[in-house]
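Asks: For reference, the chains in residue letters:
Number of protein chains: 2
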Amino acid sequence: MSGRLVVAGLGPGAPGLVTPEVDAALAAATDLVGYGPYVVRVAPRPGLVVHASDNREEIARARHALDLARAGRSVVVVSSGDPGVFAMAAAVFEAMAELPDPGAVDVAVLPGVTAMLAAAARAGAPLGHDFCAVNLSDNLKPFAVVEARLRAAAAADFAMALYNPRSKARPGQFARVLDILRETCGTDRLVVFARAVSTPDEAIATVTLGEATAEMADMRTVVLVGSSTTRRVGRHVYTPRSASPGARG
Amino acid sequence: MSGRLVVAGLGPGAPGLVTPEVDAALAAATDLVGYGPYVVRVAPRPGLVVHASDNREEIARARHALDLARAGRSVVVVSSGDPGVFAMAAAVFEAMAELPDPGAVDVAVLPGVTAMLAAAARAGAPLGHDFCAVNLSDNLKPFAVVEARLRAAAAADFAMALYNPRSKARPGQFARVLDILRETCGTDRLVVFARAVSTPDEAIATVTLGEATAEMADMRTVVLVGSSTTRRVGRHVYTPRSASPGARG
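Here the protein sequences line up with chains A and B, keeping their order.
Take the position in the first sequence, starting the count at 1, then add 108; the result is the number in the working numbering.
Take the position in the second sequence, starting the count at 1, then add 108; the result is the number in the working numbering.
No lab work stands behind these hints, which were simulated from the structure alone.
Incorrect hints may have been included.
Here are the computed lysine to any residue pairs in the SDA-like style, where the Cα-Cα straight-line distance is at most 20 Å [to be verified]: (1) Lys249(A) to Ala263(B); (2) Lys249(A) to Ser336(B); (3) Lys249(B) to Ile167(B); (4) Lys249(A) to Thr337(B); (5) Lys276(A) to Asn163(A); (6) Lys249(A) to Lys276(B); (7) Lys249(B) to Ala263(A); (8) Lys249(A) to Arg339(B); (9) Lys276(A) to Ala322(A); (10) Lys249(A) to Ala283(A); (11) Lys249(A) to Arg164(A); (12) Lys276(B) to Thr321(B); (13) Lys276(B) to Arg303(B); (14) Lys249(A) to Pro348(B); (15) Lys249(B) to Ser350(A); (16) Lys249(B) to Ala283(A); (17) Lys249(B) to Thr337(A); (18) Lys249(B) to Ser336(A); (19) Lys276(B) to Asp246(B); (20) Lys249(B) to Gln281(B); (21) Lys276(B) to Ala322(B); (22) Lys249(B) to Arg339(A).
Chain B stretches covered by chain A per the calculated footprint, using a threshold of three residues with CB under 8 Å from any CB of chain A [claimed, not checked]: (23) 125-134; (24) 222-231; (25) 261-267.
Even for Gly, the Cβ is constructed at its ideal location relative to N, Cα and C.
Throw the hints in and build the complete structure from the sequences for me.
Replies: What follows is the structure, given as structure tokens:
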């Protein structure tokens, strides 16, 4: 007997950014699995068993969700934003790959509005041309890989969305990231610090790299770094659709 | 007298992927502006004036929408996917920057589920680690910039989402892109061709770069190229959350 496992993205925070598809999956679930602050965003109801866990337990959470589905439950694993961007979907497939019968569980991923898109929309259109998304956490990769990717992105003149810029475990790392960005992109480059977008704690600040300090970001911030063509109009920041003259071959 | 301009993302196609925030903006609008095939995804109603235009007229469409808002109308410009990713938001800000009083119009951007996220969810989690998004159209940038960005992304071991892989105006270009990718990533690298995700025409195919041909993509396809660690489990494709051993410094 096997149930179903849905990995669903709740968007950045506001109920108005949760897709109807995700709402329908939540309404059909028997079990809800996720990091505590995301699970509480789903209204409790009779018949829905809630399994909240700590943030650092992604793979254990994924295994638990697969176990529940294999036992016949209808499980929804919730992520903030989009589950496929630095979130639970990859962890679920990693856990699935450990199983003797990985194809036995029916798994579906439901997309959501990821933090960088909500942040970019609030700021204007800073990701309006080619861009990349880099997770600054060095939990799962050495900082040398982070640095190599930032330098490659700067050299190719991508705009950048930087997820997980700061945590207590990495007190000095984001200051180093800003130094690398100033070195490769110059001090006039525009940067958007977008905190807790679409929640009551939302705060958006646009500064230059010369003005940026590590303290402008925290665990709830996504940082958008413009390309060489990113500019301001009124209160907005945007990257034009045309070629970036700063791109190097 | 000035109205309001909202740039809204309709998601990849299915009504279940349109956010409630966007539905509310559409319900409040007096004027709907967009490319024909996107405008028809909005249900007509009395009091909503529809302005459909051709795909190649982005900047003219943006100017028209701003003119309507400046005349006091409540305008929604619709894009497929997310309006900030290779879509109308940047064009609106480009047009706004031409105005003598760019701050006079109240503009808001409402995010949506962009094609690469919907495609990745259908395939599994191929964008589960650092990735980039590249528009392959050379309408607005020389192909040399496209090529430089593909090579930089491959060298830094990003997964890649390639938008607008083919059009009638560029018959041979995507074959050249596949050659560059084979040269830089090798022939075993996994590639997902995701066509018209969440519509009745949806088709998903996962192949290796060695198997990939230009004919596998068309104008409605987004192409996801894995990183060096991207692998299969069951019918899914995913990129683990951990460091990519193939990253070069």
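Asks: When you check the alpha-carbon spacing of Lys249(B) and Gln281(B), does it fall within 20 Å?
Replies: holds, 13 Å
Asks: Are the Cα positions of Lys249(A) and Pro348(B) separated by 20 Å at most?
Replies: Holds, at about 11 Å.
Asks: Compare the distance between the alpha carbons of Lys276(B) and Ala322(B) with 20 Å, and conclude whether the hinted pair is satisfied.
Replies: holds, 13 Å
Asks: Starting from Lys249(B), check that the Cα of Ile167(B) is at most 20 Å away, please.
Replies: holds, 16 Å
Asks: Given the hint that Lys249(A) pairs with Ser336(B), does the C-alpha gap stay at or below 20 Å?
Replies: The hint holds at about 14 Å.
Asks: Within 20 Å, alpha carbon to alpha carbon, are Lys249(B) and Ala263(A)?
Replies: holds, 16 Å
Asks: Measure nothing beyond the straight line between the CA atoms of Lys276(A) and Ala322(A); if it is 20 Å or shorter, mark the hint as holding.
Replies: Between Lys276(A) and Ala322(A) the Cα gap is close to 13 Å, so the pair holds against 20 Å.
Asks: Sort out whether Asn163(A) lies within 20 Å of Lys276(A), counting only the CA atoms.
Replies: holds, 14 Å
Asks: When you check the alpha-carbon spacing of Lys249(A) and Ala283(A), does it fall within 20 Å?
Replies: holds, 18 Å
Asks: Under the criterion that the straight-line Cα-Cα distance not exceed 20 Å, is the pair Lys276(B), Thr321(B) satisfied?
Replies: holds, 16 Å
Asks: Straight-line Cα separation of Lys249(B) and Ser336(A) no greater than 20 Å?
Replies: holds, 14 Å
Asks: Given the hinted pair Lys249(A) and Ala263(B), is their Cα-Cα distance within 20 Å?
Replies: holds, 16 Å
The structure does not agree with the numbered hints 6 and 16 stated previously, though it agrees with the rest.
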